[in-house]
Each structure stands twice: as C-alpha cells, then as structure tokens.
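**Student:** Produce the complete structure using the sequences and hints provided.
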Amino acid sequence: MRILRTLQTFLPEADDASRQAWELSRHLEKQGVPSPILTTYLHTDPHLPEKEIVDGVAIRRLPVQAGMMGYGFSLGAIGYLRRFDLLHAHGFRSFLTDTAFFLPF
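Take -9 as the starting number for the sequence shown in our numbering and just add one per residue.
Keep in mind the hints are simulated off the structure, nothing from the lab. Treat the hints with care, as some may be off.
Derived DEER-like restraints, expressed as beta-carbon distance ranges [said to hold, decoys possible]:
hint: 1; residue 1: Gln21; residue 2: Gln55; range: 32 to 38 Å
hint: 2; residue 1: Glu40; residue 2: Arg9; range: 27 to 33 Å
hint: 3; residue 1: Glu13; residue 2: Thr34; range: 15 to 21 Å
hint: 4; residue 1: Pro36; residue 2: Asp75; range: 17 to 23 Å
hint: 5; residue 1: Asp88; residue 2: Arg9; range: 27 to 33 Å
hint: 6; residue 1: Asp75; residue 2: Lys41; range: 29 to 35 Å
hint: 7; residue 1: Leu76; residue 2: Ile43; range: 27 to 33 Å
hint: 8; residue 1: His37; residue 2: Asp75; range: 28 to 34 Å
hint: 9; residue 1: His17; residue 2: Gln55; range: 20 to 26 Å
hint: 10; residue 1: Met(-9); residue 2: Thr34; range: 27 to 33 Å
hint: 11; residue 1: Asp75; residue 2: Asp35; range: 18 to 24 Å
hint: 12; residue 1: Met(-9); residue 2: Asp35; range: 28 to 34 Å
hint: 13; residue 1: Gln21; residue 2: Leu65; range: 31 to 37 Å
Quick caveat, the model's predicted, so the values are computed rather than measured. Even glycine gets a Cβ: it sits at the ideal position worked out from N, Cα and C.
**Tutor:** Here it is as structure tokens:
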C-alpha cells in the first residue's frame, strides 16, 4: 500500500500539521510502508529542492500556478495524487487537501 500525505506547506515551515505528517510518514517508512509527502512552494523558500529524501521520507514540492488569499493552485497535483492507494490530507481548505478529498478513484 502506498500512502501519500498532502499539505499546503511543509518543512522547514513547522506547524502542527507538518509535524504530524512528518512523524507519521517517518514511522511508516521505517516499517517498510511507502509514505511520501506532497506539498507546494506556497509560503516557503522557492529555492528548496523540488524532490528530496529526509530521514527516509520522500518529499515532493510542486510549483503554484496561481493563488488567492492563501489558496495556491498546483495543477501538477492531480495526476500525482492518482498514483497512491490512500491519500491522507493534512490541514484545512487548501488545493491539495480539497483535491485529495474530491478526486474520484
């Protein structure tokens, strides 16, 4: 089973949702369950790598094509989300969490 966690922003922006996602993914990866994190460049350093592995957890940052009032649209997310068996959306009312919720499988 492949579990994807989605967050609008992630490390180094450390809020409760990102810490929770990080700990869950880190522990699942240690048990052999792929559990990468998908996030965006919204409200974070644009020089962070698009892809990186930190402590065994794969992190993917997507560019934001448009944004309004803290809601960033990342069109690349839709195809990426379909690659996973389970989507765990962290946070409230972001493009990634809304898309994960409404995306038909």
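**Student:** Indicate, hint by hint, whether the structure satisfies it.
**Tutor:** How the hints compare with the structure:
1. Gln21 x Gln55: 32 to 38 Å: 36 Å, holds
2. Glu40 x Arg9: 27 to 33 Å: Cβ of Glu40 to Cβ of Arg9: about 22 Å, so the range 27 to 33 Å is violated.
3. Glu13 x Thr34: 15 to 21 Å: Holds - the Cβ-Cβ distance for Glu13 and Thr34, about 19 Å, lies within 15 to 21 Å.
4. Pro36 x Asp75: 17 to 23 Å: Since the Cβ atoms of Pro36 and Asp75 sit about 31 Å apart, the hinted range of 17 to 23 Å is violated.
5. Asp88 x Arg9: 27 to 33 Å: Given range 27 to 33 Å: violated, Cβ gap about 22 Å.
6. Asp75 x Lys41: 29 to 35 Å: 21 Å, violated
7. Leu76 x Ile43: 27 to 33 Å: 20 Å, violated
8. His37 x Asp75: 28 to 34 Å: For His37 and Asp75 the Cβ distance comes to about 32 Å; the hint holds.
9. His17 x Gln55: 20 to 26 Å: For His17 and Gln55 the Cβ distance comes to about 33 Å; the hint is violated.
10. Met(-9) x Thr34: 27 to 33 Å: Roughly 29 Å apart at Cβ, these two residues keep to the hinted range, so it holds.
11. Asp75 x Asp35: 18 to 24 Å: With Cβ atoms ~31 Å apart, the hint is violated.
12. Met(-9) x Asp35: 28 to 34 Å: 32 Å, holds
13. Gln21 x Leu65: 31 to 37 Å: 33 Å, holds
In terms of the numbered hints stated before, the structure departs from hints 2, 4, 5, 6, 7, 9 and 11, listed from lowest to highest.
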